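The listed protein sequences correspond, in order, to chains A and B.
Going by the working numbering, the first sequence opens with residue 1, and the numbers climb by one from there.
Going by the working numbering, the second sequence opens with residue 1, and the numbers climb by one from there.
Worth flagging that the hints you see were computed from the coordinates, not collected in a lab.
A portion of the hints provided could be inaccurate.
Here's a subset of chain A near chain B, in silico, CB distances under 10 Å, partners left out [as the list claims (entries may be wrong)]:
#1 Q52
#2 N53
#3 F59
#4 N64
#5 L65
#6 E68
Far from chain A by the CB rule (all over 10 Å, computed), these chain B residues [unchecked claim]:
#7 I35
#8 K39
#9 S61
#10 Q98
#11 A105
#12 T134
So the derived label-pair ranges between C-beta atoms look like this [what the hints assert, rightly or not]:
#13 A263/A <-> K67/B: 35 to 41 Å
#14 K312/A <-> L128/B: 39 to 45 Å
#15 L232/A <-> L65/B: 53 to 59 Å
#16 Y111/B <-> P69/A: 36 to 42 Å
Since this is a predicted model, take the numbers as computed values, not measurements.
From the three backbone atoms N, C-alpha and C, an ideal C-beta is built for every residue, glycine too.
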Amino acid sequence: MIRITLAFFGLIPMPLLGCSSPSGIVYGDQVLAGIDMHLHTGEWDKIPPSTQNYLAERFPFPLNLNPEPLAEDTLSAQGVVDQLDNAGLEKGVVFAVYAPHSVGIATNAEVMELLDAKPDRLWGLASLRVDQWNTEAENQLNNLREALNHPRMIGIKLAHAHMHIRFDDPQYDSIYALAGELEKPVYLHTGPSPFNGTLADPPYTNPIYLEESIKRFPQTTFILGHMGFDFLNKAEGNLEECLALGKRYPNVFFEPSALGSGASDPDGTLYTKVLRRTKEEGLIDRMIYGSDGPQFPGFLADYATRTRDAMKAAEYTADEAQAVFKTNFERVFGLNP
Amino acid sequence: MITCALLAATLSAPQAISPAPVSVHVAAGFPWTGIAVEKSFASNFSATLEAETALGRRWESRLQLNKDWPIRTSWRLRSGLGTGWVYQSPSVPRQGVQVVARVEASYQSTYSPFVTLDYRYLIGLRELAIQSATGDRTEWVTNPYVSILGQVGVRRAISSSLELDLRMIFGEIDEVFAIPGALLGLRWSQR
Ligand SMILES: [Zn+2]
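Just chain B, same shape as in the assembly (with noise of 0.2 Å):
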């Protein structure tokens, strides 16, 4: 999630300006490692890519589309709307829909700050094996899970297409308490 938010925010890059046309970005920490592709199209419109996993037993992918509205010179918010999937094993298994809305608010400078706040609404699909006089079933139950996820984070270009990154991701995922965690990002963009 973090990594997402983390992702997607990075490929919303403070160079945004005038925004790269492709953008891959990767990071790494605890616990989550992911990867981002974005696409950039006409007036503010871009589409994201993502891939991440934390500690290799949780895995999220999901396609996003964003929109960025440049409130001020150096002050830019992004909004942002994706679908994909979760898979979870083994200790808690989970899978399912994921449907993900994403706010991202930055600062343009050297060292760029930035806030992102996600709001994940997973639909959990569970096999249920059930026992009856007329005999073994299986039956496919679905359980809500509301993920909110805050990160804050800072960005610096150190080349005209390299830049990193730094955040630290709080939250809840699957409505259980999240241990805060920190992730060191590379963006690298198509100029």
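Next up, chain A with everything else stripped away, as it sits in the complex (with noise of 0.2 Å):
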């Protein structure tokens, strides 16, 4: 049923798909390689209902009136790995979720199962609960530092909007220690989010709050998801704070998913901007290529297109293109072949 459902997106014209080729992604005169390093999975049902509609109307029509068989075939780690392939990408991580208020649970052992399903291809990024903090921190840290024992677990993700915790709050220090003692990089979602239950405060959303954790743990890299966007307004945001932490620390990245995509930036000016003053910043080693999908069937292969047109537009070389899409993952997560 949703091998058939998919077999309809042959229908679909090739700007939803985006125009990568099939191995690579193709810049000028030259074919680059790519790892998307922010992919979801998860079950359909676990997922509030709000953010469910939000996820259904990017479904074309009429799979958007039914989008749980197709959602649950595309978070799959075939479906996550069909996308992959449809955007010539060759790799890509997949994100453990603990966002009960907002986008819903994807467990550890979930992501888990996908990479022992895909380990040629998949990656994983743990998360863990942060709700019954008072007591739950030392089980909650256990459960991390085990995830973290998978070999195809290579990082952490948190999103303070989401699980509702500032960025300046010492208590959650204790996540970054560790992350700095297992040398597995933090990944944290930044800037206001457009999903119901997340908090949009500058103290959950804009990294400038987390300068003193940055400075405190220097052991520990920082990838700052989504560059301080503001998805509310689809504005900048909080850009020019992630630059100057950047600027400040070498344990600052960046990860620009979703900034970038048909909704919410659908001529490309904000993505070209986000990327140009990267590069006046002297900062592209610094950045990291994320997608935030696969969302629809074709997203992957159309941000990467998107990607890959905002970086001739702000003047990338194809060396610096290559840095996002694929070598400054591998070097700032030690997987270096």
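Two independent chains are provided; combine them into the complex using the hints.
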């Protein structure tokens, strides 16, 4: 049934599916290799209804009328890999998520299942619950440490706005300490999120509130997801704060997912600005490509194409584009071949 | 949408030289299924009552007024303007009043090809729950959604009162790309 629905996508015009080649991203006269460091999995019925609507609205008609089979298929190990193939990307990183207030839960165990199903294509970021931190912190940190034992769990995913924790709350320093000890980078969602149930106030979204922790944990790698983009107002949000942190601290990195999507930045001007400012500040070696997919079939390819186009508009050389699409990732996560 | 278009289109059947006083059109396919009843009046005017559903999850109904414009003996142009109600649930909830403008061109022969273009403007109504210091309240907000649908098809009379049609539907529903649909229809006309 799901396979049948997916077959319909053969009918979808190229612009919706992007135009990456089957293996690589065409950049001028070169073909770049790509890794997508921001992918999701999970079960449809664990996603809160408002977020289900948000996702379903991105499916073509009439699949948006009955999104569950397609969503579950897209979020499976094979579905994720199919989308990587469609986008011409080599590998991807799937996130565990504990955000019961907003986007739902994808457990470490679920992510590990995907990693075991596709060990040659997928890595994972593990996460933890923080909603009963007073009593549960030790337990949760132990679980996280255990999850990070998995050979393909390469980092930690946090989303303060979704998890309702402040960037400047020292209670959570133990997470950054563990990340530094195990040499596993921490990915943090930054900027106001479009999802119901997230907190948009600056201490939850503006990474400048994270500065003390960044300073206290120089061994810990902090990846600022979405680069502070304001998804509520479709504006650059805390871009300059992200870049300033990158200038000040060598352990700060960026990931530009979702901000350049057709929904957030239809004509690509914001994405181009983000990439241009990063280049102006000499911080291209800190940027790691991610899409925030799979969202809907074709999204990964579309986002890779939009990224490629924005890079061209921001005058990235092929080497710089290759760094963002792949080599920065391998260096930061210690995966150099 | 498509169905309606079909319906409407079919309603405006090939025997249009002497339009039937009443005709009924049913159509089924992917993703639309629908029914339409048409009543003809004097001087090339007609009214259509349509109801259709996509997969039982999006429902549209409308009343439409049509005018036929005979161009030449075998060509016909029809324009229509209608309004109705849209209801969609559960995954992408939608409800509201929709206004539809439709143009159809057809060529009368044994196999009559036709093209239909629909512009639909939905005034979507959504109930918003607002939490504030003075207590919780609800408020209705409106969101506009435009659908543009094209149909191409062919009709064939199988008896003096029955006609079959086959059509494909393309376009966007509520500004979202629609996977092309196909429908088989049957019209009965009072003779
Ligand atoms: Zn994400």
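Hints and how they fare:
no., hint, in the structure
1, Q52, "holds (7 Å)"
2, N53, "holds (6 Å)"
3, F59, "holds (8 Å)"
4, N64, "holds (5 Å)"
5, L65, "holds (4 Å)"
6, E68, "holds (8 Å)"
7, I35, "holds (19 Å)"
8, K39, "holds (30 Å)"
9, S61, "holds (17 Å)"
10, Q98, "holds (15 Å)"
11, A105, "holds (25 Å)"
12, T134, "holds (21 Å)"
13, A263/A <-> K67/B: 35 to 41 Å, "holds (40 Å)"
14, K312/A <-> L128/B: 39 to 45 Å, "holds (41 Å)"
15, L232/A <-> L65/B: 53 to 59 Å, "violated (43 Å)"
16, Y111/B <-> P69/A: 36 to 42 Å, "holds (38 Å)"
Of the hints listed earlier, the one the structure fails to meet is number 15.
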